[in-house]
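Protein chains in written order, with this note's numbering: chain A, 397 to 970; chain B, 397 to 970.
Heads up, a few of these hints could be off.
Identical copies carry no separate label here, and so any pair may be met within one copy or between two of them.
List of simulated lysine-lysine pairs, DSS-like, C-alpha gap at most 25 Å [what the hints assert, rightly or not]:
1. LYS653 / LYS398
2. LYS455 / LYS890
3. LYS398 / LYS616
4. LYS713 / LYS616
5. LYS436 / LYS406
6. LYS406 / LYS817
7. LYS436 / LYS616
8. LYS593 / LYS616
9. LYS406 / LYS616
10. LYS398 / LYS593
Derived by calculation from the structure, the hints in this document are not laboratory data.
Single-letter residue listing:
There are 2 protein chains.
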Amino acid sequence: MKTLIDAAMKREKCDLVIKGAKVFNVFTGETEEGDIAVKKGKIVGVGSGYEADEIYNAKGAYALPSFIDAHIHVESSMLSPEEFALLSVRHGTGVIVADPHEIVNVCGIAGAEYMKEAFAHVRYRGVNPLDVCLQLPSCVPASPFETSGAVLNGRETEREIGRELFYGLGEFMNYPAVIGADEEALQKIGAAVLQGKMIDGHAPALSGNALNAYATAGIKTDHECVNSDDCREKLKRGLYVQLRNGSSAHNIEENAKAMNAYNYRRFILCSDDRNAYDLRTHGEIDDALSRLVRMGVPAPWAIACATLNTAECYGLKDKGAIAPSYDADIAIVENLKEFRVLAVFKRGVLVAEGDKALFSAERYSSKDVMGTVKIKEVRADDFKFDLSGNVRVVRVKPNGIMTEEEIVSVTGKDGDVILPKGVCKLAVIERHFASGNTGKCLLKGYGICGGALGISVAHDSHNLIIAGDDNEAMARVAMLLKEAGGGMAIVNGKFERAFALDIAGLMSGKSYEEVIRETEEITAHARRMGIEDGIEPFMSLVFLSLAVIPELRLTDKGLVDVNQFKIVSVKCEE
Amino acid sequence: MKTLIDAAMKREKCDLVIKGAKVFNVFTGETEEGDIAVKKGKIVGVGSGYEADEIYNAKGAYALPSFIDAHIHVESSMLSPEEFALLSVRHGTGVIVADPHEIVNVCGIAGAEYMKEAFAHVRYRGVNPLDVCLQLPSCVPASPFETSGAVLNGRETEREIGRELFYGLGEFMNYPAVIGADEEALQKIGAAVLQGKMIDGHAPALSGNALNAYATAGIKTDHECVNSDDCREKLKRGLYVQLRNGSSAHNIEENAKAMNAYNYRRFILCSDDRNAYDLRTHGEIDDALSRLVRMGVPAPWAIACATLNTAECYGLKDKGAIAPSYDADIAIVENLKEFRVLAVFKRGVLVAEGDKALFSAERYSSKDVMGTVKIKEVRADDFKFDLSGNVRVVRVKPNGIMTEEEIVSVTGKDGDVILPKGVCKLAVIERHFASGNTGKCLLKGYGICGGALGISVAHDSHNLIIAGDDNEAMARVAMLLKEAGGGMAIVNGKFERAFALDIAGLMSGKSYEEVIRETEEITAHARRMGIEDGIEPFMSLVFLSLAVIPELRLTDKGLVDVNQFKIVSVKCEE
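So that you can see chain A by itself, here it is in the shape it has in the complex (with noise of 0.2 Å):
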């Protein structure tokens, strides 16, 4: 400390000088010129005249605090750790909460120890570019009705949340166990609360009792809110508002309305699921700030979302502010309108400039995340499907992750069922432990014609999802999803696409470019494949067996009434 305090005196040399920025305190929410001082990665000073080694010339640029994403699915990038970092420290973040949901689903807790070893591993000059705040994924797995690679129950949530490798509880998705006063849910929450950790929330559209109900279990976010109102509900019972900058979720401008001046120090921005495409092209929390700007919301609010409010809200006490004794975490923007991060520093160290991280990262391996694709041998037949009559059909809708019932009446051949126009299989194949497992039914709306397509990513549990209207090709598909151990691949009569997501069977170890051609490649030739317009033909089927979200969805275990929270069988009783 004397040395950081020597240094704000100017009886030492500063490690780094930035000149020139015109600096954003979080505190004021004004912009003051001014040198920023950096000593043994600490902020010492803002102010002049100060001398250092390095000197780093903002020319009239912003200095920012670094970004936090409040909440994010690193998995859904499809990026290892290492690409991810590269991606996210460029676009100025400088923390993730993230929730390894996906890869504990498949890997229990070797998972999240693969994760933080992996982030670990990304070191530059001394510093880590990316620091990450791991959460205990709560629901694994998240629903009854699926069959996950690994199950956390509460003892060993008790058991795993004390330690370092945890910063807080992930997200609370199943809230009616919550509200139901369930044991096992609320002896995990009862063990975060005791080791005072944080746990986070996922509570869409819940109201009035039961929000009470939930906010009482000391749950202190949502990332769910499903309009203004439900935002303003959530701000009133306690809870911070996460607004949402996803891929296929967004609910920034519809719940930044709920914003005003006096509440903005509740709002905090956050990721949740986010592609490597978007994450290049578009950013993280970069976007999210300039969404809200262009939107109305005043930049000194924005920039409070982003910065200050989030290490609030997860008690971080270094981050979030350009001021002494915080970490020199520094984001350099061209202007607070779009956002566009020029340089970021890490602990005082430039570790992006340019829109290019400078670091580039080794892999860290893991025998725990690979070969988890593990399954019977698959024939045409197993996608056999002997219907008739009336059943139930899954329903999936343009634009969003919504599905609804819909009864379709339907005959059979031969011990299987004739599909009518516009309807295709879907089939779900639990490959975790090569159990056999295999849910099915039918599904409309999708469209494909003529082959098959399927993903290992699906969500929570990520068995292998296939959609297809050709039996021999719903069987290729799953063959080689095996053979890559795990991906995404396509079957079009003699045509075959596989990329392989070797990772847990959710993420790529190939470099980001690799990974955004390559899916966009494999997409367009599923595209091809009559995939109706406003359909991801990928993106679409991860989110079919998530059993948390209405109306109806399909698991290894069969189809679920999401409203009846139940199984419930694909031919409707007479």
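Starting from the structure of chain A, add chain B where the hints point.
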């Protein structure tokens, strides 16, 4: 937790429902109509239709989160902790961040332990009506120029700060040591940082590099801002501004000018030093609130400064809001203008109603804090002062605690000085170890005629401070203070009167009504002895030994020039 959630969901009866209140929501700044449901001391919901064993009808009054006093020296009330709690609670305070700086300067850590125990003894229907976060005093003694009853060096601070007894490190008044990177100061601060404990500041008008250095050390608050510009600079450097509503020192009106819609979250309220009369008659944080609103600060900002902001500043996670999962610490106030407190709940227990605390506390007594005035026999001749020529005189100024140096020419006679008109003697007698150390000087602007008065409260080492123009009377005052175990004493010819402050020589064991009456009476007597207008007879004395406030002060070691930060002779050098 199950029972809380069951109550929130109305599956179980609540313990208490507060009906008919306008519930102020500190997160949104709005007032909502609704009932507050409480179970096991926690708020479990705001809404309607709750059943409970106990119903409280607020009859249209406002429900606010109980107030948090961010910084107070309880000793300055001259009340025992038990009596202090009666007044504090009935004025709506739920938590105080108390710095037992005075008693620790007299009794060491045992003084802090006494405060903790005494407050812990204040129990009522299973709750402590007042929560106390005790800070470990950082400056014992406050300066090297005085003899205190205890010394807490760096090593002791390292040992003590880790104890559960202490919430954080008290105001770091010795800012020259901090910015000078003094080894012992940094040892103390480093220990607090290491333990993750909050550090309070005290840095009047500190600016520029010095302020950067002070903030770099990790100090997070300041209650000594001298004007709104000082506030603005402190805010920028990340310090919370504590608006002070003390008895001698107010800075609310001036400093709140720096508050605006963006930065209001960085302001909090405190009392610092507040006497029993003010506490009873005007209140504590409720009074600060009414001052803020009177000067035009919107009530929602003001209330946040008294509740949520302070809770965030100090990391009091369960405090500062009326929302599920928060402690049911609630003040019912008549309106959002005068903030007259009608009733107070603590963890769901009604602890004050209709201007009265409902509890009464048995006194906790400890030998550690009694019989602390230890002096040798004092005689009239001890106050003889062999002076002639130009001497440095302490000049007190009305309506404040600043002093000035004035050079006065005097003549001597029989080994004693002949007091010029308007000048009396001032003496500080060491009273912890009976060393006989006595500092003497001349005092102007005070105005005492034909006697002496003295007090055992004398910041910050609390030696005996005695002013008078009669050596016999001064000696007699010293002996009266010794006999009383500390207190206030006055001798005017044959008339004598003493009021005992027998707890550490700082506080009375009597009821607050008695303390107020007795201090009023003895003060009225003193005033008849010719004390100047605008000078508080006793309260102006207690700051005359505080060797950290400019310009000239007297301690048991002699005259201190605070600007030069050294002891100087009374006689001017030729």
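Hints, one by one, checked against the model:
For the homomeric pair LYS653 and LYS398, neither the shortest alpha-carbon distance inside one copy (47 Å) nor that between copies (35 Å) is at most 25 Å. Within a single copy, LYS455 and LYS890 get their C-alpha atoms no closer than 57 Å, and across copies no closer than 79 Å, so neither meets the 25 Å cut-off. When the C-alpha separation of LYS398 and LYS616 is checked against a cutoff of 25 Å, the pair qualifies only between copies, where the shortest distance is 18 Å, while the shortest distance within a copy is 37 Å. In this assembly of identical chains, LYS713 and LYS616 lie within 25 Å of each other by CA distance both inside one copy and across copies; the values are 17 Å within and 11 Å between.
Within a single copy, LYS436 and LYS406 get their C-alpha atoms as close as 14 Å, which meets the 25 Å cut-off; across copies the closest is 54 Å, which misses it. Taking the shortest Cα distances, LYS406 and LYS817 never come within 25 Å of each other, neither inside one copy (77 Å) nor across copies (50 Å). In this assembly of identical chains, LYS436 and LYS616 lie within 25 Å of each other by CA distance solely across copies; the values are 20 Å between and 33 Å within a copy. In this assembly of identical chains, the alpha carbons of LYS593 and LYS616 lie at most 25 Å apart whether taken from the same copy (11 Å) or from different copies (23 Å).
In this assembly of identical chains, LYS406 and LYS616 lie within 25 Å of each other by CA distance solely across copies; the values are 22 Å between and 42 Å within a copy. Proximity of LYS398 and LYS593 under a CA criterion of 25 Å is satisfied inter-copy only: 19 Å between copies versus 32 Å inside one chain copy.
Hints 1, 2, 6, counting from the list given before, are not met by this structure.
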